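Student: Listed below, chain by chain, are the residues.
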Amino acid sequence: MARTVLICDDALFMRSMLADILKGAGFEVIGEAQTGAEAVKRYKELHPDLVTMDIVMPDMGGIDAVRAIMKEYPQARILMCSAMGQQALVIEAIQAGARDFVVKPFQPSRVLEAVQRVLG
Amino acid sequence: MDLRRFLDLYVSETGEHVRLLHRSLLQLEKEQGGGAVDEAFRAAHTLKGLSAAMGYRTVADLAHVLEDRLEEIRAGRTAPTPALIDDMLARADELEAAIAQAVSTVPQEAAVESSEQDAGTPTSLDAPLPPGTAAVALVRLRADAPIKSARAMIVMRSLASIGGLLGSHPAEFDDDFSGEFFIFFDAVADTAAAEAIIAGAGEVVSVEFMSPDQLRASTVPQPARPAAPPSASADRQIRVDAERLSGIADGIGELSVLFGRLEPQVSGYGPAGEMLTRMGRVLTDLQRDVLQLRLVPLREAFDRLPRVVRDAARTVGRDVELIVAGDDVEIDRSIIDEIVDPLVHLLRNAVDHGIESPEERVRAGKPAAGRIRIGAERERSSVRITIADDGGGVPRAKVVQRARAAGLLPAGASADITDEELFRLLTHAGLSTAEQVSAVSGRGVGMDVVASGIRALGGAIDMHTRTGEGTTFSIRLPISRALALALRVRIGTEQYAIPLTHIAEAVDLNDNVDKAADTVLLRDEVVPLVRLRRMLQVPQGGSEETAIIAVRGDRRAGLVVDELIGREQILVKGFDPAAGTLPYFSGATLLADGRPALVLDPLSVI
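For the record, the sequence lines run as chains A and B.
Take the first sequence: its position 29, counting from 1, is numbered 29 in the working numbering, and each next residue is one higher.
Each number in the working numbering corresponds to the 1-based position in the second sequence with 1000 added.
Keep in mind that the hints were calculated from the coordinates and are not lab data.
All figures in this text were calculated on a predicted structure; none of them were measured in a lab.
Among the hints, erroneous ones may be present.
What the hints assert, rightly or not - Simulated DEER-style distance windows between Cβ atoms:
no.	chain 1	residue 1	chain 2	residue 2	range
1	A	20	B	1239	26 to 32 angstroms
2	A	11	B	1013	35 to 41 angstroms
3	A	20	B	1289	37 to 43 angstroms
4	B	1216	A	20	29 to 35 angstroms
5	A	83	B	1143	19 to 25 angstroms
6	B	1143	A	11	28 to 34 angstroms
7	B	1208	A	73	57 to 63 angstroms
8	B	1216	A	70	39 to 45 angstroms
Said to hold, decoys possible - If you only want the chain A side, here are some residues facing chain B, beta carbon under 7 angstroms, derived:
no.	residue
9	46
10	87
11	90
12	103
13	117
14	119
Each residue gets a CB set at the ideal place from its N, CA and C atoms; glycine is no exception.
Hey, can you work out the whole structure from these sequences and the hints?
Tutor: Here it is, written out as structure tokens:
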């Protein structure tokens, strides 16, 4: 069965690009979220195998969403998607429980490597 | 990510490094202790990195073996004996073949792996080891890994499940973290498991486990690694696909054509005329620049030749030295690729059949070791390559005898023929490819292939040979295959382009013509005339005023045209002549005024 993914990002472009990369590698994108709060809500509904999480999102940021998800689901596998220059935030997210991270602009190979590590 | 996009870059880069590897291995054989071993090591190392990045495991492994041997030599643990050099040369060949094999298949892994950092001197450990340290791992992250501090944290966290983790150096990873760090384990730690975890934590180039003793030994200051190859402006260079350059050249060619058509329509005075004049100058510069961009030094072709001579000489038990000169002369990239085979052929022939056995040479009063010189020089818009051996020369009588037997010469033909006639016999397919002839004549295997290969490049080859003294081949090539300087001539009402590569001059035919013999007297030399109008079956009559003097080796001919219109840069588009076409054309072009014209090959009529 295909592994399921929840994509959280406020930019449609980023969501479609990630979806494209992941679908191309045989993953099933079962949901998308545009805010941190929505990400937490969708996680509870869908229980995806993997979450990709943008750091900066309106409403609730990605790091808070990681904390909220990890608190209830310590086994959750979350991959942070960060832009250049968000070093401190990435470290914070890792400390909050995110398993790995990729940096935009995305290189498909790097995204998939990271996904494999997170799921592996 | 589709690695095929990187394939061209891979091919060109590995090509360079394979050549470097060959050259430096041969150099290493000659003089030990120079920089050759370092150079060879770097080449092997780079080949390994490039191939690993493309997922070509076999190639990377082959390169790795070479790298190891060279490292042994570098470290002074092994001497570069002839046997070892032989072995490494064979491996370099294998490596080259493996690259060719690899690039013909799709890259195996969709992962741009290891843009490997040079395994430089490890970060010295300036901190004391934690008490109880039994094993130390030196971890290097990829040079281009993003947010290395976060990555190092992930590595450390992933090790939490392993017992016996004592800490790391640096202990905290801050923004300045370089990407290299030490991890300390105690005696109970499962280092094999730890190694697997570290290697799988992402963006890790290498994990090296060592004992505290080894660590101390390796961090004593080491002799500095050799500096990178001397490429002062390397970081200011970019690589461009040759195809793209061709595209630019084509575009500029078309611009020139449009320019040529626009020019007569604009008055030479006033702002428009001035702009047009300036535009013309810019165009000319552009054309020259783009031609320059396509030029590469002949070194790229010459580099592999010492190896060819060495191997051929070994096979036949001769001692032959190859002296290379002028390898910095530049020529069009596309010509380089095509000229290697003919040169290899000529050199093998020279070794096989030109250079005599050592005993024979000594008897003839020559040094026992044969000598072949290959040289290149620029001559106006062409490049001349000469290959000269100091062997026994072509046995004229035997070739003539063979030619008589093959019916190429009449039975009673004299053996007293010129070099040119001799060469023509040698390049005759019926003679040159006959196996037994090479044994008898001593020269000529595949010479027809050599000659036709060079002709296809728009070049020419001729030969001079002296019994007992040696043979010299002289090859003249256009600098560029695409752009050529050509004469624009009129015959009847038709216009043709004649590339300048083989043209010496143009003469006025009003004087010095011997109508009966159809020759022209040129500085005391009688030059036969070729009436192009008749040859090309142009119906209209013409004044036949000018002869274009074409040169091929020692021979000259005057190509008679009605008018010499001018000289221009043309972009030759080659074509395969349709059946029944006159065999005098090497391609077609658009003249500056947009008129299409056939490109006449002057050599075809001499």
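Student: Against each hint, give a clear statement of whether it holds in the structure.
Tutor: These are the hints, each one checked on the structure:
Distance hint check for residue 20 of chain A and residue 1239 of chain B: the Cβ-Cβ separation is about 29 angstroms, which falls inside the suggested range of 26 to 32 angstroms. Range check, residue 11 of chain A to residue 1013 of chain B: Cβ separation about 36 angstroms, and the 35 to 41 angstroms hint holds. Separated by about 41 angstroms at the C-beta atoms, residue 20 of chain A and residue 1289 of chain B satisfy the suggested range of 37 to 43 angstroms. In this structure the supplied range 29 to 35 angstroms is violated for residue 1216 of chain B paired with residue 20 of chain A, their Cβ-Cβ distance being about 51 angstroms.
Between residue 83 of chain A and residue 1143 of chain B the beta carbons are some 21 angstroms apart, a value that agrees with the proposed interval 19 to 25 angstroms. For the hinted restraint 28 to 34 angstroms between residue 1143 of chain B and residue 11 of chain A, the CB-CB distance of approximately 29 angstroms keeps it satisfied. Separation of residue 1208 of chain B from residue 73 of chain A is about 37 angstroms and departs from the stated range, judged on CB atoms against 57 to 63 angstroms. About 42 angstroms separates the C-beta atoms of residue 1216 of chain B and residue 70 of chain A, a value consistent with the hinted range of 39 to 45 angstroms.
The beta carbon of residue 46 of chain A comes no nearer than 26 angstroms to any beta carbon in chain B, farther than 7 angstroms, and the hint placing it at the interface is violated. Nearest Cβ of chain B to the Cβ of residue 87 of chain A: about 5 angstroms, under the 7 angstroms cut. The hint holds. A distance limit of 7 angstroms between C-beta atoms decides the matter here; for residue 90 of chain A the minimum to chain B is near 5 angstroms, and the interface restraint holds. The criterion of a C-beta within 7 angstroms of any C-beta in chain B is met by residue 103 of chain A, whose closest approach is roughly 4 angstroms, and the hint holds.
Given hint, residue 117 of chain A at the interface with chain B, holds; its Cβ is 5 angstroms from that chain's nearest Cβ, closer than 7 angstroms. Hint status for residue 119 of chain A relative to chain B: violated, with the closest Cβ pair at about 12 angstroms, above 7 angstroms.
Of the hints listed earlier, those the structure fails to meet are numbers 4, 7, 9, 14, in rising order.
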